[in-house]
Amino acid sequence: MEAYVGYFLYLLSLLTVGGIYAIFALGLNVQWGFAGLFNVGIVGFAAVGAYTYALLTTASSTFHIGGFGLPLPIGMFVGMVMSAIVAGFIGLICIRLRADYLAIATIGIAEIIKLILKNETDITNGPRGVNKIPRMWEHFSEERFYSSWPMSWFGTPENWEAFFDSLPNWYWQPLFAGTILLIMYIIYRMLERARTAPWGRMMTAIRENEPAARASGKDVTRRRIEAFVIGAAIMGLAGALFAQHLRLIEPTNTFDPAKVTFLTWVMLILGGSGNNRGAILGAFLIWTIWSASELVITGAIDLISNFFSTLDPSILQTRAGFLRMMLIGILMQVILQRYPSGILPEVRPASPKADNKDAGSTGVTK
Amino acid sequence: MWDAYLFEFVNFYLIPGLVLGCIYALGAIGITLTFGILRFANFAHGEIMMSGAYLTWTVMAIAGYAGLTLHPLVAMVPATFLVILLFLGTDRYFYKPFRKEDTIKVVMASFGMMLIIRSLVQVIWGPNQIAFVRGIAKPNEALRDFTGNIGAMIIMPNKHLFIFAGTLIIVVALGYLLNRTRIGKAMRAVSDSPDLAHVTGINVDNVIRATWIVGGICAMAAGVFLVMDTQMLETTMGFRMLLPMFAAAILGGIGKPYGAVAGGLIIGLAEELSAYPWIGGAPLLSPGYKTGVAFAIMVVMLIVRPQGLFKGRSF
Amino acid sequence: MTQPVLSLNNLKAGYGQTEILHDLSMFVNPNEIVAIIGPNGAGKSTAMKSVLGLLNITEGTVELNGEDITDTPAQKVIEKGISYVPQTNNVFVNLSVKENLEMGAWTRPNGVEERLEEMYVLFPDLAEKRNQAAGSLSGGQRQMVAMAKALMVDAKILLLDEPTAGLSPKYRGEIFGTIQKIKETGVPILIVEQNAKQALGVSDRGYVLVDGANRHTGTGAGLAADPEIARMFLGGGH
Numbered sequence: 001m002e003a004y005v006g007y008f009l010y011l012l013s014l015l016t017v018g019g020i021y022a023i024f025a026l027g028l029n030v031q032w033g034f035a036g037l038f039n040v041g042i043v044g045f046a047a048v049g050a051y052t053y054a055l056l057t058t059a060s061s062t063f064h065i066g067g068f069g070l071p072l073p074i075g076m077f078v079g080m081v082m083s084a085i086v087a088g089f090i091g092l093i094c095i096r097l098r099a100d101y102l103a104i105a106t107i108g109i110a111e112i113i114k115l116i117l118k119n120e121t122d123i124t125n126g127p128r129g130v131n132k133i134p135r136m137w138e139h140f141s142e143e144r145f146y147s148s149w150p151m152s153w154f155g156t157p158e159n160w161e162a163f164f165d166s167l168p169n170w171y172w173q174p175l176f177a178g179t180i181l182l183i184m185y186i187i188y189r190m191l192e193r194a195r196t197a198p199w200g201r202m203m204t205a206i207r208e209n210e211p212a213a214r215a216s217g218k219d220v221t222r223r224r225i226e227a228f229v230i231g232a233a234i235m236g237l238a239g240a241l242f243a244q245h246l247r248l249i250e251p252t253n254t255f256d257p258a259k260v261t262f263l264t265w266v267m268l269i270l271g272g273s274g275n276n277r278g279a280i281l282g283a284f285l286i287w288t289i290w291s292a293s294e295l296v297i298t299g300a301i302d303l304i305s306n307f308f309s310t311l312d313p314s315i316l317q318t319r320a321g322f323l324r325m326m327l328i329g330i331l332m333q334v335i336l337q338r339y340p341s342g343i344l345p346e347v348r349p350a351s352p353k354a355d356n357k358d359a360g361s362t363g364v365t366k
Numbered sequence: 367m368w369d370a371y372l373f374e375f376v377n378f379y380l381i382p383g384l385v386l387g388c389i390y391a392l393g394a395i396g397i398t399l400t401f402g403i404l405r406f407a408n409f410a411h412g413e414i415m416m417s418g419a420y421l422t423w424t425v426m427a428i429a430g431y432a433g434l435t436l437h438p439l440v441a442m443v444p445a446t447f448l449v450i451l452l453f454l455g456t457d458r459y460f461y462k463p464f465r466k467e468d469t470i471k472v473v474m475a476s477f478g479m480m481l482i483i484r485s486l487v488q489v490i491w492g493p494n495q496i497a498f499v500r501g502i503a504k505p506n507e508a509l510r511d512f513t514g515n516i517g518a519m520i521i522m523p524n525k526h527l528f529i530f531a532g533t534l535i536i537v538v539a540l541g542y543l544l545n546r547t548r549i550g551k552a553m554r555a556v557s558d559s560p561d562l563a564h565v566t567g568i569n570v571d572n573v574i575r576a577t578w579i580v581g582g583i584c585a586m587a588a589g590v591f592l593v594m595d596t597q598m599l600e601t602t603m604g605f606r607m608l609l610p611m612f613a614a615a616i617l618g619g620i621g622k623p624y625g626a627v628a629g630g631l632i633i634g635l636a637e638e639l640s641a642y643p644w645i646g647g648a649p650l651l652s653p654g655y656k657t658g659v660a661f662a663i664m665v666v667m668l669i670v671r672p673q674g675l676f677k678g679r680s681f
Numbered sequence: 682m683t684q685p686v687l688s689l690n691n692l693k694a695g696y697g698q699t700e701i702l703h704d705l706s707m708f709v710n711p712n713e714i715v716a717i718i719g720p721n722g723a724g725k726s727t728a729m730k731s732v733l734g735l736l737n738i739t740e741g742t743v744e745l746n747g748e749d750i751t752d753t754p755a756q757k758v759i760e761k762g763i764s765y766v767p768q769t770n771n772v773f774v775n776l777s778v779k780e781n782l783e784m785g786a787w788t789r790p791n792g793v794e795e796r797l798e799e800m801y802v803l804f805p806d807l808a809e810k811r812n813q814a815a816g817s818l819s820g821g822q823r824q825m826v827a828m829a830k831a832l833m834v835d836a837k838i839l840l841l842d843e844p845t846a847g848l849s850p851k852y853r854g855e856i857f858g859t860i861q862k863i864k865e866t867g868v869p870i871l872i873v874e875q876n877a878k879q880a881l882g883v884s885d886r887g888y889v890l891v892d893g894a895n896r897h898t899g900t901g902a903g904l905a906a907d908p909e910i911a912r913m914f915l916g917g918g919h
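Just so you know, the sequences run in chain order Y, C and L.
All letters in the first sequence, in the order written, are residues 1 to 366 by our numbering.
All letters in the second sequence, in the order written, are residues 367 to 681 by our numbering.
All letters in the third sequence, in the order written, are residues 682 to 919 by our numbering.
Watch out, some of these pointers could steer you wrong.
Just a sample of chain C residues kept apart from chain Y, beta carbon distances all over 12 Å, derived [unchecked claim]:
1) Val425
2) Ala497
3) Leu544
4) Trp644
Where chain C lies over chain Y, by a calculated footprint (3+ residues, C-beta under 8 Å) [unchecked claim]:
5) 90 to 99
6) 316 to 323
Calculated directly from the structure, the hints in this document are not laboratory data.
Each residue gets a CB set at the ideal place from its N, CA and C atoms; glycine is no exception.
Kindly generate the complete structure, drawing on both the sequences and the hints.
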């Protein structure tokens, strides 16, 4: 029985992190898939969302500014807004320029954000990071939540304490995973609507033939900034969820560009850029591969170090992690060259004006 | 005139700034050439620099086992060939397939290469810092005594003299190549207009190869100069250099090698001088924000003058 | 009958899937200036690019001195002696005049210096500006650079895509004068022109292109005098 709980919890954690990555990938899909904007600073937007959420929702602390102990949804919402503001700033400067400049600027802003997080120790606790970030559902079992409203309306702190003691200590896991998947689904539905709405068709038109879109009087730059900001807001939300999942965030290892920006890109490209379902599929697929390969490699290293006692398994372990990253990189190159449209190719929204022979044909490998 | 303040300013801010500037300049030359000729921002450039430094260290270590003590500038020569091969191989297998497509795909591929090369280095050499050369670099005595006698003492270790001399030689050689040789002129021509170069009959593939070789040599020198200066090998150093190098290339104007040199020197100086106590006794800007200086300059440039100081290509 | 230097035989070609040339046939004989005229979008420039292998040719052949060069890559075509001057962006603006000409001589095995001197004689304006950046020259002078650059190789034929577009009448005359001088050096010329009247004036023969196929063929003077063509293209003073 215990073992099954273990598998169940592993599955839940796959769904949780996979879901968070799926939200990142959906955000990226708005920027890249819809609008063709090359953002390699995903990690920066994630950090803005995560830190905003963390500082707003944690209990008052001497290590960093706040925490302000605000309700969790407010933290997440402000995280989105902050991320959107940063994106707006970058977008206003770079979107009128060629895509390469946006790439450079996004990678730059991500580094600057990390620099600020590292250096402004009074605000962010610097490299030591922010701890005890409240996680949805689990946070109800914290005293500061159940001893204040609205929970205090329904029971005394003693009752709540007894109630949470009676639950298995992983009670929050299915709820947390479920909430993340629900958020992911809501974002997915909203993006699907946006994609088939005039806004989405306009984005496609701009991406495929910018001069024509410009000539027909469309404010291309404005539309692009919109897509960039919306995508960044989604990434900020994913960052806030990421912070909840981890509960402790710090600038360097948590927000490693390889593990956030790069993995998200591989997910989107594998799943199929321009296709929201593809983004979700790619995220779960890559995350499962990533997570399962860690288990496999750890097992293999244990096995090897049993035979060769001179080897230090911890060294092998770190090196194997890099080897994994390298293989993911090669996977990305293979997808880019051989399967540029991914598993689920983009389906162009049916437009009342488009002629039939064009519809649905884009994105298919030529 | 040469009081304690000026002594401190020149020796502890100006010279380190110029050293850093030389390193950025060499790196930015490669970036600006690839951007100008192949039309894409190569995100893997910093990692190739980094791997070049590791290769140089390895050559030195192997020679060390054989009882030879090689100067980094000597060990760099065989390592340069490997780096050029790495550049050419990367181009052949990862960039060339996208030559006729939207350039953003190549940018993506180079972004992937960035991770692949760094991970490879981490697999081979491990993620931890490695001492490149040990010991404290002593100032060059002849220079110190001479400048001390004329009342403007400069204390500069030999490694900095090597870096200045090396940069100067490379920049002069590059100038000769671009202005006097056939392939160099063709590189400028392709940078000017690839389509016209194509219908003029210029062998664009050869020009691209030459670009990688020139960029490889400069990147190699930049990587080795960097570790000669910091005396420390780190797998993150390539990524750390990337933003200042891009900033230098954009500042100087894309496709303008001399612009990249000027841009590199300006960025290097600005980073070091930003920590000088210009007002009051504290550093103007916390040293932790040095990288931010490059980014700030780049952002201002993109707003005010995206074509750069030397009127490079603006897209 | 003499063998034509260049001939396009029943060509069907276009960009990707879009067919622009439907059935095009034309030829250029030695020592001839041949003009292609026609309304916008008739496929005049496309016809020229099809020679260079820059297009997707679905049917028909291109022959150079009887040799089939259909679908040969541009670089090979140029090595075979077809020189092409694009309509716009036809000089390297950051290179000096001399460097531009040197680039033009890329496929020339030797004798570059001598050829340079010959070009300075043919284009005296360029001689004194040889060390200036081509980007600093006027439109007409740039056109001269572009033509000189194309002639740096021993061209078997010179293709000019609208050499007088956007130039003042003074320069137009000068360019057409130079074109005749080039012909006298023994290089046949195929020229695409908007300024139909002037172009036909210097041409030995002309083709009128409409909708990707040749509609009229004749001598330069004959076409210029044809009332129907005059009504179609020449009336507007273009």
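Legend entry - Numbers of the earlier hints that this structure fails to satisfy, in rising order: none
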